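Protein chains: 6
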Amino acid sequence: MPIVTIKMLEGRTDEQKRELVEKVTDAVSETTKAPKEKVAVIIEEMSPNHYGVAGKRVSDQ
Amino acid sequence: MPIVTIKMLEGRTDEQKRELVEKVTDAVSETTKAPKEKVAVIIEEMSPNHYGVAGKRVSDQ
Amino acid sequence: MPIVTIKMLEGRTDEQKRELVEKVTDAVSETTKAPKEKVAVIIEEMSPNHYGVAGKRVSDQ
Amino acid sequence: MPIVTIKMLEGRTDEQKRELVEKVTDAVSETTKAPKEKVAVIIEEMSPNHYGVAGKRVSDQ
Amino acid sequence: MPIVTIKMLEGRTDEQKRELVEKVTDAVSETTKAPKEKVAVIIEEMSPNHYGVAGKRVSDQ
Amino acid sequence: MPIVTIKMLEGRTDEQKRELVEKVTDAVSETTKAPKEKVAVIIEEMSPNHYGVAGKRVSDQ
Numbered sequence: 001m002p003i004v005t006i007k008m009l010e011g012r013t014d015e016q017k018r019e020l021v022e023k024v025t026d027a028v029s030e031t032t033k034a035p036k037e038k039v040a041v042i043i044e045e046m047s048p049n050h051y052g053v054a055g056k057r058v059s060d061q
Numbered sequence: 001m002p003i004v005t006i007k008m009l010e011g012r013t014d015e016q017k018r019e020l021v022e023k024v025t026d027a028v029s030e031t032t033k034a035p036k037e038k039v040a041v042i043i044e045e046m047s048p049n050h051y052g053v054a055g056k057r058v059s060d061q
Numbered sequence: 001m002p003i004v005t006i007k008m009l010e011g012r013t014d015e016q017k018r019e020l021v022e023k024v025t026d027a028v029s030e031t032t033k034a035p036k037e038k039v040a041v042i043i044e045e046m047s048p049n050h051y052g053v054a055g056k057r058v059s060d061q
Numbered sequence: 001m002p003i004v005t006i007k008m009l010e011g012r013t014d015e016q017k018r019e020l021v022e023k024v025t026d027a028v029s030e031t032t033k034a035p036k037e038k039v040a041v042i043i044e045e046m047s048p049n050h051y052g053v054a055g056k057r058v059s060d061q
Numbered sequence: 001m002p003i004v005t006i007k008m009l010e011g012r013t014d015e016q017k018r019e020l021v022e023k024v025t026d027a028v029s030e031t032t033k034a035p036k037e038k039v040a041v042i043i044e045e046m047s048p049n050h051y052g053v054a055g056k057r058v059s060d061q
Numbered sequence: 001m002p003i004v005t006i007k008m009l010e011g012r013t014d015e016q017k018r019e020l021v022e023k024v025t026d027a028v029s030e031t032t033k034a035p036k037e038k039v040a041v042i043i044e045e046m047s048p049n050h051y052g053v054a055g056k057r058v059s060d061q
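Chains as they are written, first to last, in the numbering used here: chain A, 1 to 61; chain B, 1 to 61; chain C, 1 to 61; chain D, 1 to 61; chain E, 1 to 61; chain F, 1 to 61.
None of these hints come from the bench; they were simulated from the model. This structure is a prediction, so every number in the text was calculated from the model and none was measured. It is possible that part of the hints are untrue.
As the list makes no split between identical chains, a pair holds if one copy fits it or if it spans any two.
List time: in silico BS3-like cross-link candidates among lysine-lysine, alpha-carbon distance up to 30 angstroms [what the hints assert, rightly or not]:
hint, residue 1, residue 2
1, Lys36, Lys56
2, Lys36, Lys23
3, Lys38, Lys23
4, Lys33, Lys23
5, Lys56, Lys38
Please model the complete structure; the sequences and the hints are all you need to start from.
Okay, structure coming up:
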């Protein structure tokens, strides 16, 4: 069973998250041929002070 | 050192989590022969709107 | 930047993996409005003797 | 559904891994009351040159 | 692009976290030769009742 | 105990990995004030056909 974890900055609406889980499941099922029922998706939100690129956190930019 | 991460839906009691860490540590130590002192367990709770199977989040069911 | 990790059993073709990265990136970008250039996808394959559901590994079924 | 990931140094036998998945599933199911069929376990092995504590890799000790 | 995830107990100050992201990025860039702009760092805090070693959670000690 | 996971493309030398674990441990210990003995570092290498940004795997570029 494919297990998908999506880490992203907090701030998306609940509707966006609903669609995200739906569309990513479709994409995984279509390309891997795993039945949809076997695809799990987890969203993990990051706060801007807990994520940085190039040594600088989003909250410091 | 075995490092165990358990992702599960939020909602368990503190007593259940206490037991979960204890019993999983025992199971890992007994089967891998790693001393208990070397086993770390992390619980990561998911909210129902951040987890879905078959394209549908738990919060949408 | 959304970071997507997909854990799945080994065995898909290289073409399936290519498509998987492409389609999942599209799905994440469309729903989260993050530009494609900001979406990273990681595939992590599991061998059948390292993955189990209901206490039974895939290699033992 | 609880998803358990166990990272540990390579070197356990296949029989140890089989028991590890079985016993950890039991421990998670008993304490969280999730049915066994809903518990997934993933083993991820680390090589001694990819893991270190106190700044020193296992392969350098 | 190196992606670094740091799991640690909650309780550090915002200034400590800012420095943590900066210094870890430097260390990764210097040793791997990846340009800083390609290094992402994620901090994930654990609460004392969700983390344990030797079967005992930090909150139970 | 801080647990650091570094995902990066395969290809670094063993000496680079040795230094990576050493320097990252130093950076984490200095900024979080956790003693070095409590810092664990895990390196996880990705192959070019298992990692992509903007929908394109490194192996397809």
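Right, here's what the structure says about each hint:
Taking identical chains as interchangeable, the C-alpha atoms of Lys36 and Lys56 lie at most 30 angstroms apart only when they sit on different chains, with a minimum of 10 angstroms there against 38 angstroms within one chain. For a Cα distance limit of 30 angstroms, the shortest separation of Lys36 from Lys23 qualifies both inside one copy, at 11 angstroms, and across copies, at 15 angstroms. For a Cα distance limit of 30 angstroms, the shortest separation of Lys38 from Lys23 qualifies both inside one copy, at 15 angstroms, and across copies, at 18 angstroms. In the homo-oligomer, the alpha carbons of Lys33 and Lys23 lie at most 30 angstroms apart both inside one protomer (15 angstroms) and across protomers (13 angstroms), since each shortest distance falls under that limit.
Taking the closest pair of Cα atoms, Lys56 and Lys38 come within 30 angstroms of each other only across two copies (12 angstroms); inside a single copy the shortest separation is 38 angstroms, beyond that limit.
This entry satisfies every hint, going by the numbered hints stated previously.
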